[in-house]
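S.K.: The residues making up each chain are set out below.
Protein chains: 2
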Amino acid sequence: MNTPGQPAQQGARSLDPHLRRYAARTAGMTASEIRALFAVASRPEVVSLAGGMPHLAALPLDSLSAEVGELIAADGLVALQYGSAHGVPELREQICDVMALEGITAHPDDVVVTVGSQMGLDMVTRIFCDPGDVVLAEGPSYVGALGSFAAYQAEVVHVAMDADGLEPTALREAIAAVEKAGRRVKFLYTIPNFHNPAGVTLAVRRRAEVLEVCRAHGILVVEDNPYGLLGFDGVTYPALRSTDPDNVVYLGSFSKTFAAGLRVGWVLAPHAVREKLVLAAESATLCPPTLNQLIVSRYLSTHDWQGQVKTYREAYRERRDAAISALEQHMPAGSTWNKPNGGFYVWLTVPEGIDTKAMLPRAITQRVAYASGTGFYADGLGSRQLRISYCYPTPERIREGVRRLANVIKDELELHETFGPGAPRAVSGPQAPSPDTA
Amino acid sequence: MNTPGQPAQQGARSLDPHLRRYAARTAGMTASEIRALFAVASRPEVVSLAGGMPHLAALPLDSLSAEVGELIAADGLVALQYGSAHGVPELREQICDVMALEGITAHPDDVVVTVGSQMGLDMVTRIFCDPGDVVLAEGPSYVGALGSFAAYQAEVVHVAMDADGLEPTALREAIAAVEKAGRRVKFLYTIPNFHNPAGVTLAVRRRAEVLEVCRAHGILVVEDNPYGLLGFDGVTYPALRSTDPDNVVYLGSFSKTFAAGLRVGWVLAPHAVREKLVLAAESATLCPPTLNQLIVSRYLSTHDWQGQVKTYREAYRERRDAAISALEQHMPAGSTWNKPNGGFYVWLTVPEGIDTKAMLPRAITQRVAYASGTGFYADGLGSRQLRISYCYPTPERIREGVRRLANVIKDELELHETFGPGAPRAVSGPQAPSPDTA
Numbered sequence: 001m002n003t004p005g006q007p008a009q010q011g012a013r014s015l016d017p018h019l020r021r022y023a024a025r026t027a028g029m030t031a032s033e034i035r036a037l038f039a040v041a042s043r044p045e046v047v048s049l050a051g052g053m054p055h056l057a058a059l060p061l062d063s064l065s066a067e068v069g070e071l072i073a074a075d076g077l078v079a080l081q082y083g084s085a086h087g088v089p090e091l092r093e094q095i096c097d098v099m100a101l102e103g104i105t106a107h108p109d110d111v112v113v114t115v116g117s118q119m120g121l122d123m124v125t126r127i128f129c130d131p132g133d134v135v136l137a138e139g140p141s142y143v144g145a146l147g148s149f150a151a152y153q154a155e156v157v158h159v160a161m162d163a164d165g166l167e168p169t170a171l172r173e174a175i176a177a178v179e180k181a182g183r184r185v186k187f188l189y190t191i192p193n194f195h196n197p198a199g200v201t202l203a204v205r206r207r208a209e210v211l212e213v214c215r216a217h218g219i220l221v222v223e224d225n226p227y228g229l230l231g232f233d234g235v236t237y238p239a240l241r242s243t244d245p246d247n248v249v250y251l252g253s254f255s256k257t258f259a260a261g262l263r264v265g266w267v268l269a270p271h272a273v274r275e276k277l278v279l280a281a282e283s284a285t286l287c288p289p290t291l292n293q294l295i296v297s298r299y300l301s302t303h304d305w306q307g308q309v310k311t312y313r314e315a316y317r318e319r320r321d322a323a324i325s326a327l328e329q330h331m332p333a334g335s336t337w338n339k340p341n342g343g344f345y346v347w348l349t350v351p352e353g354i355d356t357k358a359m360l361p362r363a364i365t366q367r368v369a370y371a372s373g374t375g376f377y378a379d380g381l382g383s384r385q386l387r388i389s390y391c392y393p394t395p396e397r398i399r400e401g402v403r404r405l406a407n408v409i410k411d412e413l414e415l416h417e418t419f420g421p422g423a424p425r426a427v428s429g430p431q432a433p434s435p436d437t438a
Numbered sequence: 001m002n003t004p005g006q007p008a009q010q011g012a013r014s015l016d017p018h019l020r021r022y023a024a025r026t027a028g029m030t031a032s033e034i035r036a037l038f039a040v041a042s043r044p045e046v047v048s049l050a051g052g053m054p055h056l057a058a059l060p061l062d063s064l065s066a067e068v069g070e071l072i073a074a075d076g077l078v079a080l081q082y083g084s085a086h087g088v089p090e091l092r093e094q095i096c097d098v099m100a101l102e103g104i105t106a107h108p109d110d111v112v113v114t115v116g117s118q119m120g121l122d123m124v125t126r127i128f129c130d131p132g133d134v135v136l137a138e139g140p141s142y143v144g145a146l147g148s149f150a151a152y153q154a155e156v157v158h159v160a161m162d163a164d165g166l167e168p169t170a171l172r173e174a175i176a177a178v179e180k181a182g183r184r185v186k187f188l189y190t191i192p193n194f195h196n197p198a199g200v201t202l203a204v205r206r207r208a209e210v211l212e213v214c215r216a217h218g219i220l221v222v223e224d225n226p227y228g229l230l231g232f233d234g235v236t237y238p239a240l241r242s243t244d245p246d247n248v249v250y251l252g253s254f255s256k257t258f259a260a261g262l263r264v265g266w267v268l269a270p271h272a273v274r275e276k277l278v279l280a281a282e283s284a285t286l287c288p289p290t291l292n293q294l295i296v297s298r299y300l301s302t303h304d305w306q307g308q309v310k311t312y313r314e315a316y317r318e319r320r321d322a323a324i325s326a327l328e329q330h331m332p333a334g335s336t337w338n339k340p341n342g343g344f345y346v347w348l349t350v351p352e353g354i355d356t357k358a359m360l361p362r363a364i365t366q367r368v369a370y371a372s373g374t375g376f377y378a379d380g381l382g383s384r385q386l387r388i389s390y391c392y393p394t395p396e397r398i399r400e401g402v403r404r405l406a407n408v409i410k411d412e413l414e415l416h417e418t419f420g421p422g423a424p425r426a427v428s429g430p431q432a433p434s435p436d437t438a
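Chains B and R, in that order, are what the protein sequence lines are. Note that UniProt numbering gives residue 205 to position 205 of the first sequence, counting from 1, and the numbers run on in steps of one. Note that UniProt numbering gives residue 50 to position 50 of the second sequence, counting from 1, and the numbers run on in steps of one.
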């Protein structure tokens, strides 16, 4: 039988003289479907709705250039020198101000600066997860998180979500099933706002319940919130951390509110956990780049950074509108999607019988790329779904990309009419148009 | 009985509500003695011979400032955007040119850019080491490497070194002992040039033998070479990688040849291993900061970077001379040290009866800080030794620091004359003045 990934591994087995030397965890490291896509999807004739690259064109490069130049001239001996694994103190104070916008009260000592919030995620998993420990995560979930969990041999159990985000009932059931199996849940990993890839937001009325369920079962909550300030209605939701500081580890990032290429993120953790994180970070990278931290710190203090976030929000709302109107115009019956209130992503369910992963090469031939749904599940679900990222291309390109995608789907359906459809597929995650689209 | 570290752990047990949640590996994460020092040692009245911070004062900050400003203005949309986990292609080509200075022939595809070579070390350990696997390392060894090995629950077996570096006989014996115990050696971790902390260099005549022994026993070699271009006689030794490309993973860094605060390092690995490294790096940080890679790339192509390395070399040689002459002038009988030919460090063995870790608080009271020897061993050795870093302070401060240190040691000896010495201590690592000092 053809297990996914097996042919490649067999190839590696015969070619790689080091194969017998790898750690057990290395077997779980496989190239993500999305990463494999980047090369083809970056050809100019292809409209890429696949990547999650932020739209940077709105950044004030001239003033940034001057500021960074000045920083190096005036403060280069600090900016180019080692710092602490904990992060630059002034930046950690400013990060507390940023988090205050979401109702968080925090002490700068409890903030650890990381090389993007991906590193925060990796460090949190490092300090908490032994092989075989269970991590609960929405289904679907962020592909980079699944990668980190796999790297530490944690097992992901997905929790269903609907248009209002994580379902508390499903959370209770998942915990009960894991506990019944005698397994240990280490934490719930959740992206409450403008979810990647599902696009939905955890309803405010559900937040206390989710926290309460986790607390009752002794389960830590890891709140990943890169998109929280990118709500299209200008609404910022209260962070889970704001109401349960002792049981929530919060991950933040400047990748979407400022610039991804600087790789500056952070973890806010309960005090004792923070100490472990600093130790873990020290053995991972010694310290985050000092220059990058000082650039962000200076940017926050000298630029109208909230004005810039507003500019980003407007750019993304325009793109979201382009994606949604094109979906409404072109998608064949039997497709469903949600209309996100913020962030970068629409989660599309295609008509029955279509396998989005199998369809991808044909889509690329038709000059449109997307991320197929299976990459966002640790358990093989998602084959009838895909993620549309509207963050990077222009609205015109997005409309054209969605039009091409709709044609690819229609071609698939025609093929099925002629040759019969594929097997019915299980579907998970929010499928129906969310209440927002009503 | 009072196991080291136990009191602190007991304290943590009562204070940290998350204690039962941590992964097994987290128990091995303890604050390094050196890190605990940085806070006190950074007070201006203290001469710190503890840290390994490079001397940056020689950097051309004005032209760097202009270049980086220009980079952001002209290329900001790339510099501030996500890149690949593999690293910027142009930089990987330039890295191959840098390595060519050490006799290495490599393809840019086999280079992975990392967030400092600490991350390279962490990634190599991640892909190779299961808990309980053995890593061979010189005794003493780099404290950050010991931290990464502990984070992956690998067990370090130290291999003795002398003034000519790692001893091949000791290597053979260590391998035999590990194999006899039915344990698995995953790799030999070695710093062949201007060792941290021992200051010695692996004699060229020993290099082929070390490679041969490892190859014969199926043991990978991890060559960590941050100081290779900092030889005071302008001599660059052939890298281990240059003669055994299939069995050596090479770690390089711009932290000592350019600027540590950018955190740009790299791994050169056999092709199949490189693929695993990219996957591991992707789940660790997604990608290294793009801006930093472009800064290094531009610096390499527009600056006389080898001239800058020469400037660094001269600055460090002057500091080495200051340290050695002060040691000769002030140290009491019974102290031994080596005279390094490059790099940042002198390894000092103090007279019998003195415990360098216990002495440290008294030294700081006398306004001098150092790194005590035990931090460089995974097995508790090193208590009669300490590392002097001459890289950062001015020659005057180094001389003053060594003078203060000598006085502290003399005070200890006087105390012992009055109250009796401590117990005799096992000594390891190069102790006698090396042939260089003859």
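I should point out that these hints are in silico values taken from the structure, not numbers from a laboratory. Be a bit skeptical, because a hint or two may be false.
What the hints assert, rightly or not - Part of the chain B face toward chain R, derived, beta carbon under 7 Å:
1. G76
2. P245
3. G261
Unchecked claim - So, partial list: chain B residues that the calculated Cβ filter (under 7 Å) puts toward chain R:
4. D16
5. S65
6. V68
7. A73
8. V115
9. F128
10. G132
11. G147
12. L262
13. R263
14. R274
15. L286
16. R362
No residue lacks a Cβ here, since even glycine has one placed at the ideal position from N, Cα and C.
S.K.: A separate judgement is required for each hint: does it hold in the structure or not?
M.R.: Here is how each hint holds up against the structure:
| no. | hint | result |
| --- | --- | --- |
| 1 | G76 | 4 Å, holds |
| 2 | P245 | 12 Å, violated |
| 3 | G261 | 4 Å, holds |
| 4 | D16 | 3 Å, holds |
| 5 | S65 | 4 Å, holds |
| 6 | V68 | 6 Å, holds |
| 7 | A73 | 4 Å, holds |
| 8 | V115 | 5 Å, holds |
| 9 | F128 | 6 Å, holds |
| 10 | G132 | 11 Å, violated |
| 11 | G147 | 4 Å, holds |
| 12 | L262 | 6 Å, holds |
| 13 | R263 | 4 Å, holds |
| 14 | R274 | 10 Å, violated |
| 15 | L286 | 4 Å, holds |
| 16 | R362 | 25 Å, violated |
When held up to the earlier numbered hints, the structure conflicts with 2, 10, 14, 16 and fits the remainder.
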